[in-house]
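Visitor: As they're listed, the protein sequences go chains G and A. Going by our numbering, the letters in the first sequence line up with residues 23 to 460, in that order. Going by our numbering, the letters in the second sequence line up with residues 23 to 460, in that order.
The hints are simulated quantities; they were obtained by calculation from the structure and are not laboratory data. Given the structure is predicted, the values throughout are model-derived calculations rather than measurements. Hints are supplied without guarantee of correctness; some may be wrong.
Derived CB-CB ranges, DEER-like [claimed, not checked]: (1) A:A39 x G:D432: 26 to 36 Å; (2) A:Q231 x G:Q443: 50 to 60 Å; (3) G:C370 x A:Q71: 32 to 42 Å; (4) A:A39 x G:Y187: 25 to 35 Å; (5) G:R454 x A:D392: 52 to 62 Å; (6) G:G251 x A:S232: 43 to 53 Å; (7) A:M23 x G:R163: 50 to 60 Å.
Covered stretches of chain G (chain A as the covering partner; in silico rule of three or more C-beta atoms under 8 Å from a C-beta of chain A) [to be verified]: (8) 25-33; (9) 55-62; (10) 182-196.
Not everything, but these chain G residues come out facing chain A in the computed CB check (under 7 Å) [said to hold, decoys possible]: (11) M65; (12) A66; (13) F69.
Heads up, the beta-carbon is just placed ideally off N, CA and C, and yes, glycines get one too.
Now for the letters of each chain:
Number of protein chains: 2
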Amino acid sequence: MLMQEIILKKRNGQVLATEEINFFVSGYTSGAIPDYQASALLMAIWFSQMDERETADLTRAITDSGEIIDLSAIEGVKIDKHSTGGVADTTTLITAPLVAACGGQVAKISGRGLGHTGGTVDKLESIPGLNMALTMNDFVRVVSDCGVAIVSQSPNLVPADKRLYALRDVTGTVDNVALISSSIMSKKLASGADAIVLDVKYGSGAFMQSLEEARKLAAMMAAIGERAGKPTTVLITDMNQPLGRAVGNALEVEEAIRVLRGETGGDLLTVALALAAEMLVAARLAEDLNEAEARLQAALDAGGGLRRLQCMIELLGGDPRIGDDPSLLPRAAETVPIRAAATGYVSCIDTAGIGHAAQLLGAGRATKDDAIDPAVGLKMQVRLGDSVEEGEELGRLFINRRENFERAADMVRECVAVADQPPPMSPLIHDRIRSGGG
Amino acid sequence: MLMQEIILKKRNGQVLATEEINFFVSGYTSGAIPDYQASALLMAIWFSQMDERETADLTRAITDSGEIIDLSAIEGVKIDKHSTGGVADTTTLITAPLVAACGGQVAKISGRGLGHTGGTVDKLESIPGLNMALTMNDFVRVVSDCGVAIVSQSPNLVPADKRLYALRDVTGTVDNVALISSSIMSKKLASGADAIVLDVKYGSGAFMQSLEEARKLAAMMAAIGERAGKPTTVLITDMNQPLGRAVGNALEVEEAIRVLRGETGGDLLTVALALAAEMLVAARLAEDLNEAEARLQAALDAGGGLRRLQCMIELLGGDPRIGDDPSLLPRAAETVPIRAAATGYVSCIDTAGIGHAAQLLGAGRATKDDAIDPAVGLKMQVRLGDSVEEGEELGRLFINRRENFERAADMVRECVAVADQPPPMSPLIHDRIRSGGG
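Looking at chain G on its own, in the form it has when it is part of the complex (with noise of 0.2 Å):
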């Protein structure tokens, strides 16, 4: 088999035989087949799309690539929960814990943050003395004990799919439903759930930006998922705004605590229980979503979700007392207020934009070997359609140095458009795709 065919062959719109994928993958892992044919066909395939097999065939041969984890020491289905990745989207943390105070077995293996999206490593590496490389004996005990675990990435896993996000990152393919799908899903697989629940965003804060494409990765990936055997429900949902109020690492923390502890709610509350009911229901620990509801509901009133967070920091060596005290969390040394430049109502949010500011506070990496700082970030006091005053407070900065700070809290400002009339509104739910079509 010839690299240059494969390339040719997909670059003349021609479907690839599984063979040929599996060749291209396991050769561009071991090195024989070098990145600029590697990168010619990732372009001819941002071109010429790749169909659901072919997309499926990538999937598990960049699965197959590295380590696969058995989670079946572990009683139960074991469910796992992704997001394509938004703005103040702390849902993990919330969703997470609830699902194991309902019963699941929630194992979820986390990335860092690139970009104006957070991770949800990074977030939980705030927490004083909280070590997330764990090894996959203790990844198992923690889920046995806590019933969620949440770790970091090992090296072993998917090492085709590390090297093909560098390329693509660099030339120009990253956005592709094939690519995107492969690349999320390998993951997935790696990482042994029985059965998955996908966030795809979409919207301003997301790197979906349209409706249609964040539909076509959706049922991309809920396909991959039935071939694999391993039932999969992506939810579509609303990043026009950021989902809660706080961007930054700690401060993401503090407010995934506040949301467990009942103390505040909102959207991101919303979103993150309507994920945590279909993981109830993929577990078949529920009925129904209905049913899900309001068990999830329950566990939420008596604090179920917040000792079951408590437990997994405790097991990862950090300071549990951050969930009755969010004070003991890293604190920025200095807020600064972001003020309305007009008056009107709050028409329009660019949310990547507000990642963005808290990234240049340092709360987030621009390259992957940049240092974050856990305290920053900023907290946004409006929402889509909320009148405001000229000079009301938008939102606020959490700074420790003085540096860009003026140029943050611009951005925000900018960010935020005020007009005469509120927006309409959209949905915060826009779809459930199920593997299978249930």
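Position chain A relative to chain G; hints supplied.
Guide: Below, chain A alone, put in the same frame as chain G:
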């Protein structure tokens, strides 16, 4: 400027700015831009195309990546001639000396053959003693003395093209009008001629398989010549059968000599004269094509072309007596007839396949490091529309080793389709395109 943003821009169908194209070519030549980004851009260009201005900029950037030859020491209009590559296409060895015999100054830098088409360098190097690696001073001296010099490409000429061509070859990005045009025209612009005549081959033995694609390529190259201030004429000529009868290096030199001696003619002479007439008009040595053709015929009849070729061979260190006695060229040890398997008319010839059969015998290279045997190859006896009887000789192999010869004979037989009816005949010269619309 960021290379990934240039890739994204082209991928999204936008037009690249001159500075972006310069940034790419100079960065790729210096090694600052890696192969994997270059191949992603090449694939994006393959899909999104480049317009005339972009292609002219790409050509200029590639030209400027290395040495540009200064031919100003030679009096008059210096003319270059180039073919996109065909089978049994020895026009250069006929056209160039005939133009010189009519007062032209032909300064041509040639390449080696790769794949199923031959290269003029390989053909001339079959002449005992001949060396084509000249210094530029010697190149100028040979043109001044003989009116014609054909030398091999200096390593300092268009280094960006060499790197890009090697990359295109293994990444499925060879067959694109912008990339082919810029590769050909950058070499022509760097070689310092004042006017350019191009022969774009179309048909079963050419890289351009459709007349529409050939027309696009011709128009693009004429436009690039126009923008660079070099009058450029392009003929689109037929390559649906081998142009001459000989395929193989010494065999083709012998055929060219026999044409210049007036012993044979046919389509090879017709196309050679048509190209030569365009060169004379481009060099303003004839008012129009009629005058040019008359002068060329007179030069042919008087043996002027042969003398110019012998002059050049001698100054390149070769044995000029081959012009009087072609049997001094390397000769194959054995010849083998290829016989028709059926009775009927030659209805179709897979001309690339004929080239591959000669390559298999050792006349051409599969990879650029392969050695070639100057003596081997084949001669075709039949042309499209000829009637043949079963068992009649279709052609003859010229071999030095018995290895592969039966496979080569089978290949040739399979390339020649015999049917009950003769095929419709297509014209030998399909079109003429001149820069400036002339």
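Visitor: At a threshold of 7 Å, is the proposed contact between F69 (chain G) and chain A supported by beta-carbon distances?
Guide: Holds, about 5 Å.
Visitor: Go ahead and decide if the range 52 to 62 Å is satisfied by the Cβ distance of R454 (chain G) to D392 (chain A).
Guide: Given about 60 Å between the Cβ atoms, the range holds.
Visitor: Taking the CB of C370 (chain G) and the CB of Q71 (chain A), does the distance hold inside 32 to 42 Å?
Guide: Given range 32 to 42 Å: holds, Cβ gap about 35 Å.
Visitor: Does M65 (chain G) meet its interface restraint, that is, does its C-beta lie within less than 7 Å of any C-beta in chain A?
Guide: Where the cut-off is 7 Å and the nearest Cβ of chain A is about 4 Å from M65 (chain G), the hint holds.
Visitor: When you take the CB atoms of G251 (chain G) and S232 (chain A), is the distance between them in 43 to 53 Å?
Guide: holds (47 Å)
Visitor: For the hint 26 to 36 Å, verify it against the beta carbon of A39 (chain A) and that of D432 (chain G).
Guide: holds (29 Å)
Visitor: Do at least three Cβ atoms from the stretch 25-33 of chain G come closer than 8 Å to Cβ atoms of chain A?
Guide: holds (count 5)
Visitor: CB of Q231 (chain A) to CB of Q443 (chain G), is that within 50 to 60 Å?
Guide: Between Q231 (chain A) and Q443 (chain G), where Cβ atoms are some 59 Å apart, the hint holds.
Visitor: Do at least three Cβ atoms from the stretch 182-196 of chain G come closer than 8 Å to Cβ atoms of chain A?
Guide: That given contact holds, which follows from 6 residues of the stretch 182-196 of chain G lying within Cβ reach (below 8 Å) of chain A.
Visitor: If you look at each residue in the stretch 55-62 of chain G, do at least three have a Cβ nearer than 8 Å to any Cβ of chain A?
Guide: Three-residue rule met by the stretch 55-62 of chain G, so holds; n is 7.
Visitor: Taking the least C-beta to C-beta distance, is A66 (chain G) closer than 7 Å to chain A?
Guide: With a closest approach of 6 Å, the A66 (chain G) hint holds.
Visitor: Can you tell me whether the CB distance of A39 (chain A) to Y187 (chain G) sits inside 25 to 35 Å?
Guide: At roughly 29 Å between Cβ atoms, Y187 (chain G) and A39 (chain A) fall inside 25 to 35 Å, so the hint holds.
This entry satisfies every hint, going by the numbered hints stated previously.
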